[in-house]
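Sequences are here, hints too, so could you generate the full structure?
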Amino acid sequence: MKTSLVIVESPAKVKTIKKFLSSGYKVEATMGHIRDLPKSQLGIDIEKGFEPKYITIRGKGQTLDRLKKEAKGCDKIYLATDPDREGEAISWHLSKILDIDPKDNCRIEFNEITKTAVQTAIKKPRSINMDLVDAQQARRVLDRLVGYKISPLLWKKVKKGLSAGRVQSVAVRLIYDREEEIRAFVSKEYWDLNAKLLDNKSKKTIDAKFYGNNESKIEIGSEAEMKELLKRLEGEDYIVSKIKKGEKRRNAPLPFTTSSLQQEAYRRLGFSTKKTMIVAQQLYEGIDIKAEGTIGLVSYIRTDSTRLSEEAKKDAKDFILDRYGEKYYKKNSAQAKTDKKVQDAHEGIRPTSAFREPNMIKDSLDKDQFKLYNLIWNRFIASQMEPAIYDTVTIDINAGDYLFKATGSNIRFLGFMLVYTEGKDDKEEDKDIILPELSEGQIVKLKKLEPKQHFTEPPQRYTEATLVKVLEEKGIGRPSTYAPIISTILARGYVIKDKKYLVTTELGETVTKLLIDNFKDIVNIEFTANMEKDLDNIADGDQQWVEVIKKFYLPFKKVLELAEETIGKIDIPDEVSDEICELCGRNMVYKMGRYGKFLACPGFPECRNTKPIVESTGVSCPKCDGELIARKTRKGRKFYGCSNYPNCDFTTWDEPTKEICPKCKSHLAKKLNGKQIMYKCMNPNCDYENKIEKKV
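Quick note on the UniProt record's numbering: the sequence shown kicks off at 1 and runs consecutively.
Treat the hints as calculated values from the structure; they're not laboratory data. Just so it is clear, the structure is predicted and the values come from calculations on it, not from any experiment. All the pointers check out, no bait thrown in.
Pairs of lysine-lysine, DSBU-like flavour, derived with a Cα cap of 30 Å: (1) LYS76 to LYS124; (2) LYS499 to LYS623; (3) LYS68 to LYS103; (4) LYS520 to LYS156; (5) LYS597 to LYS157; (6) LYS497 to LYS638.
Next up, the structure:
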């Protein structure tokens, strides 16, 4: 009997795919990458046309032995690594190790791990696409040249252990530039004026905003200007001069890309980019669903395309017609224009079946899997639904020479919003504002004028979601790189999270300034985006990868040599704390470690005292006379524990408050539970809890 071997990357896929193939197929996993450049050396022979030196990754010897053994007894080998450039490169490495001709029809790919997709792929093998391999190889060589050439310079000039990355350094540059904008920002005063007006017929109040006059908008920049305006408005009648009614259509959002999924999961679910990709990978590789077995629930999750296959669109159409009716289905499902850089062989991220509703499979998913699947499913279904329709009205109200405007809107048809509404970074939500029926020439009564002073605010710091958004907009990195970029710059200590915002550390600013002054192209946004276009051109077969590397490296080498000569030693003084070292009496200093900031004695190595930074809550421990203090797990998650640890083992994930329990007089802890805030007694022997609606 003939046997075939299918090789995938992940063991989780093995379990799923085995289900879909007959007994004549064996399925094995590479457990990720199998070959790479050596860690201990550059691994690139610059003199021989930048030839990479690949070695077997440490610990992968047994995996390769197993794959070779399985391959020997098989008549056909199918390389089924991920359907992207990185997956293509892994297949190429496998072909080298297993002595497969890359020109043979050995490569298969599928966008989703379902029975139909896998069996169809087996019938359509192709040769390895060397253009995609070369594009990935060029990216790896570029990153290695930058990292292994600049990092030793940073060790020598700044501090041991530092590193620079081609794309990560640009991400830090973006955060650094935003910090510079905030520092340079000069706040300006401005005022707005709201008129509370009364319609005598309906007795309803109308909120009208001061606009200016009939010719132009007027900005109010000071209290004196506001007082002058209020004086001129005294005694004026408020007359409805114009009523404009209209219709506003709000189109459904497109299916998720990697970037938009990461942004929306952050806004709606509070997931970091890293967590989003871990959970999405689980949904893609396969979940054991009751009554179905193991199956991939979503399509491939590393994509910058919003395209959908005809089968997926028909699936959505059938579901929408069946569940919501014909008026909700979008008849003209026009495809969004795609940028040339989009790898359009992929689809947008979608469920593998529209009829596999989230609530139907909730019992088979863990909490995070359900939340993310629910988000993907809702977005996909909504993308194939009709726009929402609002009735809008704008009313111009004249007071003497001045003009006020009142705007209202009322949703007439929910359309896609029956299923899904997109989250917003500014937390604002669309709300119906219904104005009374007025007529032109009608006088409305002034109840009061409400002047309000404001000051312009600096641009907001980036969150993970907004950083991913700007990286995508500027063409920095690719779908598979967004989460690793953020994880890397946090791990290196160049950036920290202040609440939800990303802020450069002193170390990050020092390194960024050094790179700006000496390696302007490396941290230049346009240069890095153009390099991504070059990599795309390689993938399209329009450029040779060695020529792209050569064009980059020759000027880079000269800049590197100049930097070696001109940059002096840079010292970064440690920030001194008020905490006294109990062993030697010195003021302890702040240091950055793998798990964030900590306190250390500056007398190292004579004194090696270190201690965590304690965040006080001012709340007493319910088990002893200690105080509850904030701590962090190794993964960075905050929890609260007693200051008398290890003598007292009390801990809680919930935030302690100074609110007193009405039942036992202990303290309450606050916990967000969906759209509610729960206050729960911290006394283990008390069952008091109280839920209130969360304020938007």
